Amino acid sequence: MWTDGTRSRGRRGRGTAFAAMALVVVAAANACAVVPTTGSPRAAEEDNSRDTLNQPYVRMIATPPRKDASPEDIVKGFQAAMASFDDPTLAVARQYLTETAAQKWNPWRQTTVFETKLVPEGLSGQDLKDAKDTTVTLKGTAVATIDSEGRYTPASGVVAQQFTLARASGAQWRIEAPPDARLLSTDDLKRDYRQVDLYYPPATQAVGLVVDRVWVPINPGTGVPETLVRRLLAGPTASIRDSVTSAFPDGTDLNQITVEGDTVVVDFTSPVESVPDDRIEAMKAQLTWTLGDLVTGRTVEIRVDGEPFRGTPLRFNPRDYSRFDPNVLPSQPQQYYMQDGKLFRAKEKGGEPVGGAAGAQGASFDKPAVSVDSPPQVAALVGDEGIWVTSTAVGGQWQRWIEGKTEDLTPPSWDRYGAVWTAERVGDHETQIWRAISGQAGRVTVIGKGLAESRVLALRVSRDGARVAAITQDANGEAVEIGTIVRSGGEATITNVQRLDARTDQDIVDIAWQDAASLLVLSKGKGGQELSTWSVMEGMEVPDAAIKLDAQAEIGSIVGAPPDHVLAGSDGEVRTYNVDKKAWGVIAKNGATDPVYPLG
Amino acid sequence: MPAPAPAKKKPRRRTLRQIARGVRRRARRAAGRVRRVWRRSLQLRVVTSTLVISMAVVAVLGVFLMQSIATSVLKSRELAAVEESRANIATASGYLAPQSAEVADASPEGGSGGQVANPVDAAVSALTERSGGRYDVVVFNEGGIGDGRASGKIDYGSIPARLRAKVQASEEGVLFTQPVTLRYLGTKSPESGLAIGGRVNGTYEIYHLFPLGAEETTLLAVQRVLIGVGVALVMLLAAIAYLVTRQVVTPVRLARQAAERLAAGRLEERLKVRGEDDLARLATSFNEMASNLAVKIHQLEELSQVQRQFVSDVSHELRTPLTTVRMAADLLYESREDFDPAAARSAELMQNQLERFESMLADLLEISRYDAGAATLDVESVDMRDVVLRAVGDSEALAERQATRFELRLPSEHCMAEVDSRRVERILRNLLFNAIEHGEGRDIVVTLGADRDAVAVAVRDHGVGLKPGEENLVFDRFWRGDPSRARTIGGTGLGLAISREDAMLHGGWLQAWGSPGEGTQFRLSLPRLAGSDLRGSPLPLVPPEVEIRRAWRGHVTPVMSPAVAEVGARSLENADAGGFDVD
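Protein chains in written order, with the numbering used here: chain A, 89 to 688; chain B, 152 to 734.
Next up, chain B with everything else stripped away, as it sits in the complex (with noise of 0.2 Å):
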């Protein structure tokens, strides 16, 4: 980067951060991968656990095994070695004994001809001789000179300097050992062995150096196998318990995936029943439950289908009666004028209830035609906001009756939408009425709001409000806030229900929200092109101002910014509304 140097050292400690930063992330996504994976697969904990286990005991055994193999091995090399170097030492001993080294002495002036050898040639030749090149013998003597002997081809160096005072401070016949690299001239390796001294005959220090090579190799054989062995074993437990696992796994994850699919719907799902086993038991009793569960389910579906049917049929069968009733209750009460008083408020209220008789008969017909899958979408492009205000302008009369003024709040610009326009209309009208009823004269705002996916419309009123719990209730048919009420506009009852199910037929949803004393809001949410999913809504569900309250009154503190608040706020909603704001 041409940059300053400055300049340059900020950008580069900001990425190493970002390696940084990027590894952890990188390493804690594979953590996360791992664990997912190891807690989902039983049959890899299975044999990682028999693999660890295994593990650790093979290789217990396996030291415990190497160690007494070499222990026993050494021991017993050590020992001969102990003892060949013994007697070795007491025949060395015989000829370097004082009284022979006066023989040698004397020899040559006995001139035999130089048959009688020095003492410690004689004493090492005879050694040598005997060892047959299975070790080398090393002499020394501080006491005289030209004394020093060494065998073959053993580098004497190879003696260590504390081995050597040990014995020139020993007791004559004491020998001591110790384990040694031997060292030799030429182009011999060194190989370990071992190095066991003895002090005879004042100051001579006779030394034995045993090579171990072969122990060695033996040794070192033997380790092969052994690991060659552990390794195999855990290999082969390993395997086992993979094959085991397996056998039992796979009807476990074919029963799982036979559940999956019955969850979802599949009720002739079954399990293939192989042998008698355990395993073949659970199968058949899945099955079995399977089936009763299908039949089960199929009773209840002709049962609602049942009901369903005759809530239709009697709606359709009421409304012949009903439109003779009809016609001579509307006779009935165009000629009001002339019965006596009693009479005519009996004709009005009979019109009055008829009236509420029919559209409840409508709204059932309608509730039915959903309920048979009867209902059908008439979609086309609208802007949402003439949709709103030909809902408004409907409820306008209904609203100056009950003194209420609508506040609106629409976008300036068009809010195109994928919707039937006709049930839209019924949905909001229907929750500008319930505002209506329940907003007791206060202002009732209606907000649309839109963005890229999706469109909404929040009809907010300031009554009553509803229970913790309610706001679900809201949606069922013939339910009742406070059944002490009277239904001052006369409702049928079934009025949010239709509107939920239009709301679910567009694919979008109604919701609810509301607070005792602080009033109600619903909000309709619509996806923009029919037909496609809704992850979010445009609109809050909880009224901001109740959320700024809210933070307000709770911790946090006044000095927090409305940002702060706000972002709190749309945290809290989107707690609240199930996690689908997105955007």
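With the rest of the complex left out, here is chain A (with noise of 0.2 Å):
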């Protein structure tokens, strides 16, 4: 301790002097530190600016033949250089060709896939040694074909591909007769292929899209999102290319999407430019429905070789465009059932009738179903006098609308334009169809035999009111079959008539579309009930999507509402599927039943 006064003093003001310095050094580090220690609270920031368009995926690389491989290597290397799509000429494919076939052989005609290994057979050892030529067969279980335009056909049994290999240059095996045809296998499919959902509005010009479900190989070039958009121009399948116009003009390309900020920036030709001015909601409709995910919280912007869309910057939000769901209903719809002779609307705790006739006591009706015009329309078959409609508008009142026998009619089916469809038994082996507008009844044209001359049991119309669905009933038992609907003027004709399930021996019970693309069939085998999902436009049944049924309780009747709502009466009760829970719970008792969605 210093007892001398000045100095102390002295001492004590350096030490001041000091103290503040290192206070101020301190602040200006913390002041400029790097990684702050501190702050207040705030809404955290998210990053959207990530490429979500950019999904990654999985390519082949084709590498060529080796040096004197064997025969079996030469067709193993051919079948992965297949499933290459690096290359749009598969270059390295036919360098395991001989020249002549490298030159004839022509893959773009169809895809075949096969199940996942093809195990080649062929001369092995000594034999091979002096062979001139040799055949190796891939032997494998055919699962489907995939035409030039991207349709799924389910294909069954088992293949046996031959091939034919020669001495090349060099004492070098190449296969002299390649299929006229891409061999791939499931693996291949999952890797190298995308389903996908194109949307294209209806030919009649209304609000809304139909849906096109294709398999599309990814360009790896260009990735995903342009993939799929090509796709779209390139315009529907043949099956509802009579039922749908695409938006988009003729000979429009696309030259790039790319993503800035927010704005996915689709980057088409020039012919774009002279679509309709009443096309361009359609056009964008269309756009945001294929693009679906890969551009949800976006903004999308179209423009035309760099340059905005007729001079002034055409973005479009996809919400705003969620008017042209094909599905048509919202995402938690009405549902409504049969008690007590009345038509109910189902609620949080129980339910109400509905308005007008339908909601009242009188005339007995069965099998309703329930139109998405507001308020909602009843179709029912009304004691034996045929199809009867019903506004639920409080004073509604019956109309006939379709003449018939209630026992040869099928239930009605709306369809979104307003339209009320049976199919009625004119003869053993002969069916009529009807539709009816505003009371008006006008017989369909059916084109194909499936469904005229056959027992249609029930008939059901898509929600994209593109398809219809239908139970027939033939010698060899039932069957479901889809047909498209082509609409033009007042007429409305059924095509393309496919059957959907190829099995015989069972008892379809009830069918009723899920959402635009896939249809949910009960059917009754010799294990008991059974609910399916099939996808209609691939002919095939959705795996992993099988509802567990109740093994004890008899369904007789199931509805369905996308995205997974589905209904089902049985024994008195309407019950609901819970997806998440997979379970069944309860919404309605006590005699309740045909649980009916808007549509479908």
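It cannot be assumed that every hint is accurate.
Unchecked claim - Calculated pairs, BS3-like style, for lysine-lysine (alpha carbon to alpha carbon, straight line, at most 27 Å):
#	chain 1	residue 1	chain 2	residue 2
1	A	K669	A	K636
2	B	K317	A	K155
3	B	K339	A	K278
To be verified - Listing some non-contacts, in silico: residues in chain B with all C-beta distances to chain A over 10 Å:
#	residue
4	V208
5	V289
6	G353
7	M511
8	L528
9	F557
10	D604
11	G620
12	R628
13	M655
Hints are computed from structural coordinates only; laboratory data are not their basis. None of these values were measured; they are calculated from a predicted model. Ideal Cβ positions, reconstructed from N, Cα and C, are used throughout, including at glycine.
Take each chain as given, in its own frame, and dock them per the hints.
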């Protein structure tokens, strides 16, 4: 301790100065600390700039044939090279062929898909050494074929594909006669293809879209979104070509798709500018629905050769196009059911009768169908006098739309354009399909045998109004047929009728549209009731989508609604299926039957 | 040029050489100008050196900073990438393990619907899923067929062959990394990246390709910022140096200008004093010095004024008694024959000395007139030949007495000049008397030369000459070459001083050359037009024959032609005469 006053003061003064300086230094160091350690809480910023358009995918690397490879290896290598989509001309795959075969080979017509592994069989060992040519057989189970426009058709059975190999230059084995198809395994399909839903506006120019489901190979150079839009521009598949019209003018091509911040910029070539003004909305809807999840939460902008569309930026938010939903219904659609001879509207607690004649005690009716109008209209088989329609507005009265005997008519089905559809049995092997608009019934022409020449037990029009599903009964049993509706003028035609399920020995109880592309089929076989979901455009059962049914309960009818709502009527109860819990819950008891979702 | 080919070549070569010479000359001139500016501007030097030094410092710092940032950014990225690759390769190794391949082989037979995919597909899908597009994965298998996979748009050719060779030859689990350029299929532009490869499960090679585009962008942005900051810093420093030096240089420059004006005789020049700093004190000292100097000069001027006045007054005052003395002496002189020889001799002596006294008084008066600035020219256009001849004629009598001959070298045509002929005649008379006095009886050469602007008269004697350094002393008042020698002619000692004043009054020169044993030459040069500046003299100061002799004696070889000697003489003369020869 300093006793001397002045010295002590001097010391203290210096100490203060030093402390002040240290404080300044510390403050300065704090002020420019690189990572702040304190701060006030604020809303977290999220990085929306990540390019979700760039979905990761895997490609096969095509390798040229190795020197002195065995015939089996040549065939295996050829198979692998065919699965590579890097090169649109398949130049590497052609190296596995003899020169003449390489020039003639045309793999574009069809793609054939086989079960996972094809095992090549051929000569081996000493026999091969002196042979001038040999044959290698690929054996496998057929899965499907995909045609040049991307339509998937299931196939079955064992396929044996023979490859004839010959010695080419340098005594190397080369394939002499390749099949004019691209052979892929299911792995290749899973890796290289994407199942995509294309959306096209109906030919009637009504607001809405129709789904077209195809399989397209991903172009590795451009990525998934551009592959999608290019396929959309290429037009719908043959099955619905007559019932839809793309809003994109002919000759439109895609330049590129880029992401600028929050905006997905889709750059088309100049023909896109010739789109009529009243089709621009449909065009935007097509684009947003086809790109689907890729543009969710973003803005989309259409450009023409890098310039704004017709001089002004054509930007839009995909959310604004939900009214074009091909499934029409909202995400929580209203449920209806029959009880005590009246149509009830389901509510949180119990239900209430609908307005109008359908909700009143009066004429007894059966098998109601509800439209999407506001207020909804109800069509039902009333008494023995055909199909009657009433409004659910207060005071709505029954009006007869289609005449016929109840036992000959199938339950009515609404389409989104306000028409009621039904099928009438006119003979043992003849069916007449009717369509009624505003009380005016008209015959529907059916092209093809499937529907017209068998007995139709049920007829359902899909929610996008583009397809019709029917349970038909003929000598072989019951089957599900799918047809495409073509509307021209006031006339409607069902074309392109195809059988959905190839199985025969089953009893189909009911069908219902889940959404525009998938159909619920309730069937009864040896193992009891079974509820499966079918992708109607691929003609195959959706794997892993089967809904487990209660073994005891006998289900009489089902209805579905997108995305995964299912109602079932069984034993005087109406039940709903909870997908998350994989369990059924009751929404109405005490003699409730005939659950209904609007349309479908 | 329509000249024949060989002739054509020559001029072109000449022009080329001329051009080259011109360029060189221009460059040299520009360099000279720059050097001059550089030497003269303190500010420029300070700013330039600040600029250069700060640029060097900023560049070194910037490079160092950039390197350390780049290293840390890329190093951390590389470490993260290697870590991720290792985890991925471990995952892939699980998929690609032989037993799992067996399971995959067995599964189709089990008929489980192809849910178990090809192991390579499964592995690459898993890795691709994990990457989320941040990087790409490429798998090769030299040992299998159809086992090559790539993810996304990556062009698997981006993996360098050297890396593949290294990986193929390496132990399993050892990772190799190499910076590469990542190329892509389609329109995506290539970017820089990092390839990390490892070998697993026999012949499988797994490569991870990490794009470093984001890092590159960051580093480029940092680099741009660094360059910008560096440039701004250097500019700032230069500006600061400029401002600071300006604050110092401006007062110094003002002081310099004031000093120059002071030196030019403007003694009232003073500096403004602002503030109390060093420069202000410099200004104060300068001002004090200037005022002291002014006071001193004023005092000296007054003193010399007093002296001149005194000389003039004395001369005037002496004249009146001298007139009386002269009259008495004349009387005595005329009647000297009546005196005895001693008295007669005294009367003669008195007469002589009186005459000398008179002329000395006249000279003194004349020179005091010059000192007072009262001398005026009476200019008229005369033929210089007449003036020379008159002066020579006046000196003939004296020359004859000394047995000296004149050699006149006059031009044949008229030689007109605007001069005061009385004064010029007096100068020439003085020079001739001087030459006769010191010529020791040898010939005196009088040369008259003329050119467009000037005329010159040279008077050459072959007497004892002048010692080095005496060329200027001869014009001093009362100067005497050899004090022991008597004045035979009885000059006053003021003649040459007056002559020089006369010459200067004409705006001309009077110069002397002399060499011991070789004689003396005086040259009078005058402008032809009164009032115009004299830039050169038509005659050499050193007699040509002396030059030639000197050249012969010197290092010039006898082979040398007289013309060369002439040139040498001229150039030497130039050096002697202070470089006024321009003709």
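- request: Quick one: work out the minimum CB distance from R628/B to chain A and report holds if it exceeds 10 Å, violated otherwise.
  value: holds, 77 Å
query: Is the nearest Cβ of chain A still more than 10 Å from the Cβ of M655/B?
result: At roughly 75 Å from the nearest Cβ of chain A, M655/B sits farther out than 10 Å, so the non-interface label holds.
message: Given the hinted pair K339/B and K278/A, is their Cα-Cα distance within 27 Å?
response: Since the Cα atoms of K339/B and K278/A sit roughly 25 Å apart, the hinted pair holds (cutoff 27 Å).
message: Quick check for students: does the CB of V289/B sit more than 10 Å from each CB in chain A?
response: violated, 7 Å
- request: Would you assess whether D604/B, listed as outside the interface, keeps its beta-carbon beyond 10 Å of every beta-carbon in chain A?
  value: holds, 78 Å
message: Is the claim that L528/B lies outside the interface with chain A correct, judged by CB distances over 10 Å?
response: holds, 82 Å
- prompt: Non-interface claim for F557/B: all C-beta distances to chain A beyond 10 Å?
  reply: holds, 98 Å
- prompt: Beyond 10 Å from every Cβ of chain A: is that where the Cβ of G620/B lies?
  reply: Per Cβ check, G620/B is outside 10 Å of chain A; nearest 73 Å; holds.
field: Least C-beta distance from G353/B to chain A larger than 10 Å
entry: holds, 17 Å
- prompt: Just checking, V208/B versus chain A, shortest CB gap more than 10 Å?
  reply: holds, 22 Å
- prompt: Does the structure keep K669/A and K636/A at a Cα separation of 27 Å or less?
  reply: holds, 11 Å
- prompt: M511/B: least C-beta distance to chain A exceeds 10 Å?
  reply: At about 87 Å from chain A, M511/B clears the 10 Å cut-off, so the statement holds.
In terms of the numbered hints stated before, the structure departs from hint 5 and from no other.
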